[in-house]
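> Sequence:
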Amino acid sequence: MESVIIENLLSPGEKNTSELRAAGRNEQRHVPIADLQNGASAKMEYVKVLTIAGSDSGGGAGIQADLKTFSALGCFGTSVITAVTAQNTLGVKSVHAIPVEMIRDQLIAVLEDIKPSAIKIGMINKPEVAKLIKDVLVSQVPKIPVILDPVMVATSGHRLIETETVDTLQHELFPLATLVTPNIDEAVILAKQKIANVEEMIEAAYAIINQGAHAVLLKGGHLIGATIYDVFVAKGEAPIVLESPYIHSANLHGTGCTLSSAIAAEMAKGNDLIHAIKFAKNYIASALRAGAGVKTGQGNGPLNHFFEPLKLIMK
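Quick note on numbering: the sequence shown equals residues 1 to 315 in UniProt numbering.
Since the hints were made in silico from the structure, they are not lab data. Quick caveat, the model's predicted, so the values are computed rather than measured. Where is the CB? At the ideal position from N, CA and C, for every residue including glycine. Accuracy of the hints is not assured; some may be wrong.
Cut-off 25 Å, straight-line C-alpha distance, at most; resulting in silico cross-link-like pairs (DSS-like, lysine-lysine) [unchecked claim]:
1. Lys-235 / Lys-143
2. Lys-143 / Lys-131
3. Lys-131 / Lys-115
Beta-carbon label-pair distances, calculated as ranges [to be verified]:
4. Pro-99 / Phe-307: 35 to 41 Å
5. Lys-311 / Lys-131: 35 to 41 Å
6. Glu-45 / Val-294: 31 to 37 Å
7. Ile-224 / Ser-57: 25 to 31 Å
8. Ile-114 / Phe-307: 44 to 50 Å
9. Ala-292 / Glu-237: 31 to 37 Å
10. Gly-225 / Glu-45: 41 to 47 Å
11. Val-4 / Lys-93: 39 to 45 Å
12. Glu-7 / Pro-99: 43 to 49 Å
13. Glu-243 / Ala-86: 34 to 40 Å
14. Ala-109 / Gly-270: 23 to 29 Å
Produce the entire structure from the sequences given, and follow the hints as far as they go.
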């Protein structure tokens, strides 16, 4: 096996939140209202990001978490809703798939006019939706960053994807994605192997690379311990193990959605993939701490996305 690079992410108190926020800025500019009234609005643009995912009526995950993340990081969020879920902090009650034609219309409407600089893809629960997304993105925006979060199982354990859709994701969307971000449970399904430690995480990540992915961030939060290990692998490169302290909180709903959205937002700003991953990890840690002591419902609540939000960035 190739040598493993281990990098420690920030421990609590190592940097203050303002420094972390500054690290995510890439030549951003906040324009005074007077300047906008004098015509600057014709010259400036927001940093625009698109999420393609399911709606969470409880507001903790899915489209809702994605849009909160984009806003908190100073980006203008747009959305394509693939499914509507009835859920809350206790679990998923039901799922209604949006017709493929409506998904196509949403996607083309956003791409033709607003032109996002990065895309996050979340819940895709039917094979025909995956094929549609691939065809439209290849024809409309073949070169922009795409972060694929292969959502398969909700935090509550509810299955969110049809079995045949897994194969379609691998064949249609993995080769298109800049980064695939499975958690342990999803990686077990994709790699068809057990995962109980970092070594097996690395093996599974490379197995997913062999399925067509260019890069994989395998999230290890489901392996309980004092330290969280995430594994990043890219095609032809040595694995990088990212270490971060475990944060005790029952409010974990939407962490995966938030992480992939934060990565997409940072790449939309022009930052490289490794920077975006590290920044997103630190953003998640701060959002978890900020939301740990807050009750939203009777079960697993969300992160606090707006612990220190950025103003909307204009370039």
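> Report the numbers of all earlier hints that the structure fails to satisfy, in ascending order.
8
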